[in-house]
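Q: Each chain, written out:
Protein chains: 2
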Amino acid sequence: MKIFQGNIASPLGFSADGLHAGFKKRKLDFGWLVSERPASVAGVYTTNKVVAAPLVVTRSAIEEHGQMQAVVVNSGVANSCTGSQGLADAYSMQRQAAEKLKLEPHLVGVASTGVIGDLLPMDKLEKGLEKIVINGNADDFAQAILTTDTITKTVAAKEMFGSDEVTMAGVAKGSGMIHPNMATMLAFITCDANISSQTLQLALRQNVETTFNQITIDGDTSTNDMVLVLANGCSGNQEILPETAEFEKFSQMLSAVMTDLAKKIAKDGEGATKLIEVQVVNAPGSKTARMLAKSVVGSSLVKTAVFGEDPNWGRILAAIGYAGADITVDKVDIYLGPIPVLLSSNPVAFDDEEMQDIMQDDELVIKVDLHNGNSKGTAWGCDLSYDYVKINALYRT
Amino acid sequence: MKIFQGNIASPLGFSADGLHAGFKKRKLDFGWLVSERPASVAGVYTTNKVVAAPLVVTRSAIEEHGQMQAVVVNSGVANSCTGSQGLADAYSMQRQAAEKLKLEPHLVGVASTGVIGDLLPMDKLEKGLEKIVINGNADDFAQAILTTDTITKTVAAKEMFGSDEVTMAGVAKGSGMIHPNMATMLAFITCDANISSQTLQLALRQNVETTFNQITIDGDTSTNDMVLVLANGCSGNQEILPETAEFEKFSQMLSAVMTDLAKKIAKDGEGATKLIEVQVVNAPGSKTARMLAKSVVGSSLVKTAVFGEDPNWGRILAAIGYAGADITVDKVDIYLGPIPVLLSSNPVAFDDEEMQDIMQDDELVIKVDLHNGNSKGTAWGCDLSYDYVKINALYRT
Numbered sequence: 001m002k003i004f005q006g007n008i009a010s011p012l013g014f015s016a017d018g019l020h021a022g023f024k025k026r027k028l029d030f031g032w033l034v035s036e037r038p039a040s041v042a043g044v045y046t047t048n049k050v051v052a053a054p055l056v057v058t059r060s061a062i063e064e065h066g067q068m069q070a071v072v073v074n075s076g077v078a079n080s081c082t083g084s085q086g087l088a089d090a091y092s093m094q095r096q097a098a099e100k101l102k103l104e105p106h107l108v109g110v111a112s113t114g115v116i117g118d119l120l121p122m123d124k125l126e127k128g129l130e131k132i133v134i135n136g137n138a139d140d141f142a143q144a145i146l147t148t149d150t151i152t153k154t155v156a157a158k159e160m161f162g163s164d165e166v167t168m169a170g171v172a173k174g175s176g177m178i179h180p181n182m183a184t185m186l187a188f189i190t191c192d193a194n195i196s197s198q199t200l201q202l203a204l205r206q207n208v209e210t211t212f213n214q215i216t217i218d219g220d221t222s223t224n225d226m227v228l229v230l231a232n233g234c235s236g237n238q239e240i241l242p243e244t245a246e247f248e249k250f251s252q253m254l255s256a257v258m259t260d261l262a263k264k265i266a267k268d269g270e271g272a273t274k275l276i277e278v279q280v281v282n283a284p285g286s287k288t289a290r291m292l293a294k295s296v297v298g299s300s301l302v303k304t305a306v307f308g309e310d311p312n313w314g315r316i317l318a319a320i321g322y323a324g325a326d327i328t329v330d331k332v333d334i335y336l337g338p339i340p341v342l343l344s345s346n347p348v349a350f351d352d353e354e355m356q357d358i359m360q361d362d363e364l365v366i367k368v369d370l371h372n373g374n375s376k377g378t379a380w381g382c383d384l385s386y387d388y389v390k391i392n393a394l395y396r397t
Numbered sequence: 001m002k003i004f005q006g007n008i009a010s011p012l013g014f015s016a017d018g019l020h021a022g023f024k025k026r027k028l029d030f031g032w033l034v035s036e037r038p039a040s041v042a043g044v045y046t047t048n049k050v051v052a053a054p055l056v057v058t059r060s061a062i063e064e065h066g067q068m069q070a071v072v073v074n075s076g077v078a079n080s081c082t083g084s085q086g087l088a089d090a091y092s093m094q095r096q097a098a099e100k101l102k103l104e105p106h107l108v109g110v111a112s113t114g115v116i117g118d119l120l121p122m123d124k125l126e127k128g129l130e131k132i133v134i135n136g137n138a139d140d141f142a143q144a145i146l147t148t149d150t151i152t153k154t155v156a157a158k159e160m161f162g163s164d165e166v167t168m169a170g171v172a173k174g175s176g177m178i179h180p181n182m183a184t185m186l187a188f189i190t191c192d193a194n195i196s197s198q199t200l201q202l203a204l205r206q207n208v209e210t211t212f213n214q215i216t217i218d219g220d221t222s223t224n225d226m227v228l229v230l231a232n233g234c235s236g237n238q239e240i241l242p243e244t245a246e247f248e249k250f251s252q253m254l255s256a257v258m259t260d261l262a263k264k265i266a267k268d269g270e271g272a273t274k275l276i277e278v279q280v281v282n283a284p285g286s287k288t289a290r291m292l293a294k295s296v297v298g299s300s301l302v303k304t305a306v307f308g309e310d311p312n313w314g315r316i317l318a319a320i321g322y323a324g325a326d327i328t329v330d331k332v333d334i335y336l337g338p339i340p341v342l343l344s345s346n347p348v349a350f351d352d353e354e355m356q357d358i359m360q361d362d363e364l365v366i367k368v369d370l371h372n373g374n375s376k377g378t379a380w381g382c383d384l385s386y387d388y389v390k391i392n393a394l395y396r397t
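Chains A and B, in that order, are what the protein sequence lines are. Residue numbering for the first sequence follows the numbering used here, starting at 1 and increasing by one per position. Residue numbering for the second sequence follows the numbering used here, starting at 1 and increasing by one per position.
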């Protein structure tokens, strides 16, 4: 597999674009993604009981029809907690986009992200829809879906399946209200592989637990977040079937794309100055290991300590202890980068200067060895800075 | 029942004091509390798997002997995550304090709070123990147990039991690493009632779920936290027995003292500028109602919005949605103070100036009516400010 510089329209048969429709003051805020033919589709959605209107519309289209050919997205207004009017607006967004693209409405997915509680300004949406052209600048799609993100998040990969080259690309947004459970944030992945919707869903499910579900910014699970994967078969490869070597290869490709996007989201967490990766090893099970890793990376006290470049490992052990896992904690090792700070649950002295070098880096790896099983799990997050507070105290007003 | 200005030594037969022993640079950091006779005792402890050494010592003394006559506490160093040496030090603290007070060691409880991972400086402890005198200034005890707290937290109450006046007093500390589960933070409650340890434990258990367990500052459950209640019987009242009207009266008194301390802890959360009280009503069960209230009050996004005085009610509904409760969310009402912002899950327009008045207050009541049952629950917390980040980025170094 080869990771390369590409965009969401790199796979054969896809085009994408983004523009300014007026949901936000100046920035791009309306994007669309179209395949030249109906594509297989798989999705995972927020587990929040409060589900935003566009998710209801998109999920029901996918569940009822199992194919998708286009996705339209706006940022700035989330169309969430907007009651019956919001749901009518989301259906209208789907129908109007379908008319413009000359597709059946059920082939069009809709997504929104931004402020919760405001109705979608339909006049601005119509202005956006009017301007849709095919074969635009796909890099603008990655821009158009952002909210408080500071950078676009894109990845592309190529792999041979038989004699056919399959290309996959992903784009994501997400910077706050990030604490995935099933799936959180918006991510769109395109692929020109020949694979059924059912098999695609299998591959997505298989990888979401170890990638997007292992990042946390602030512990808040959004009402709007979803991951959609579209595969249009344009590469001409033989159909990828479950429980085959080709499926494993495809799943690994998808895992690489999803892990890359997940880490990019964590690193661009609201106000973040550092990426934190927590590896838990020798735990009694993978699920436990992932849960422990996520507990550490989600701890406000660990996050503020990392922001302060303070090797406060006691907070790491405390977060392991309160995670709710059935584990023993009497022989725990903790490493900050390569430096051991706790061995067999007893503190270890370390060199302050060496430690300072590790803590000043913009990526910190925390490794926790439980010596209580042989499973491992990784989670990603970011530090908690003054800017997180600033961004969220002032986001709406 | 009458709440009055008192301190931890207000109940008959108790004395307390605090002094500077050197665990901290300048502030009081060593306190003790003594009863003139062995008292009934009840305790609840952190549910963190990582339990600090002093808790192990105190819990085992209570479990094995069921009485307590003195408690010694230091702040500045938590004696947590300190391995076998830390446990030996905690036992030594208990033994040395018992010698000084001429008591059996099992009648002495020990507690520590402060930085995790550092060994207890035993020379400083000895210096503190040397200076113990009976009948000191009980207000200094409340000072001596603080860490990042900005104010002392004390409450006292009186109530008649038959012809005897019973006095109860409580003191607590806690400002960060506050997310109780069973019990978190340090709280000591004294009482001169005649009640067995077993009945006292019943009353404590009954009230901890609705008071201390309903506050959260940062979602981090500490390794050191416990609540101890001592009742020495000095008031001479007839023994309070379970399942009697007198027990109910006693339990309500304890509830009032614990609720008062819990709110004081929430209001003095690290960096806090506002107390947030979340009331969830008409929920399918009390436990669900409490869980939902705690989810809202614990949301980083709600907390930052309150800090920014932004009526961002969408984040409140989102936190209800991701709490993991089995509820319906299609007819939710939300009020900020007296102002409705969501009725039957549809947004309601409000007057900006009226809202500004509510948001600028130093206490905000958020009420969520689920219309999905008839149980209620309350939780308390505080806003998330720049100072929370500052305090925790720089606490250790």
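Check each hint, because a few of them may be wrong.
Intra- or inter-copy, both count: the list cannot distinguish identical chains.
What the hints assert, rightly or not - Here are the computed lysine-lysine pairs in the DSS-like style, where the Cα-Cα straight-line distance is at most 30 Å: (1) 367 <-> 100; (2) 263 <-> 390; (3) 2 <-> 25; (4) 131 <-> 24.
Calculated from the structure, these hints are not laboratory results. Predicted model only: the values in this text are computed from it and were never measured.
Q: Now tell me if each hint is right for this structure.
A: Hint by hint, here is what the structure shows:
Neither within a single protomer nor between protomers do residue 367 and residue 100 lie at most 30 Å apart by alpha-carbon distance, with minima of 52 Å and 44 Å respectively. Taking the closest pair of Cα atoms, residue 263 and residue 390 come within 30 Å of each other both inside a single copy (23 Å) and across two copies (26 Å). With identical chains, the CA atoms of residue 2 and residue 25 are never at most 30 Å apart, being 38 Å at best within one copy and 57 Å at best between copies. Only within a single protomer do residue 131 and residue 24 lie at most 30 Å apart by alpha-carbon distance; the minimum there is 16 Å, versus 66 Å between protomers.
Hint compliance for this structure: hints 1, 3 are broken, all remaining hints hold.
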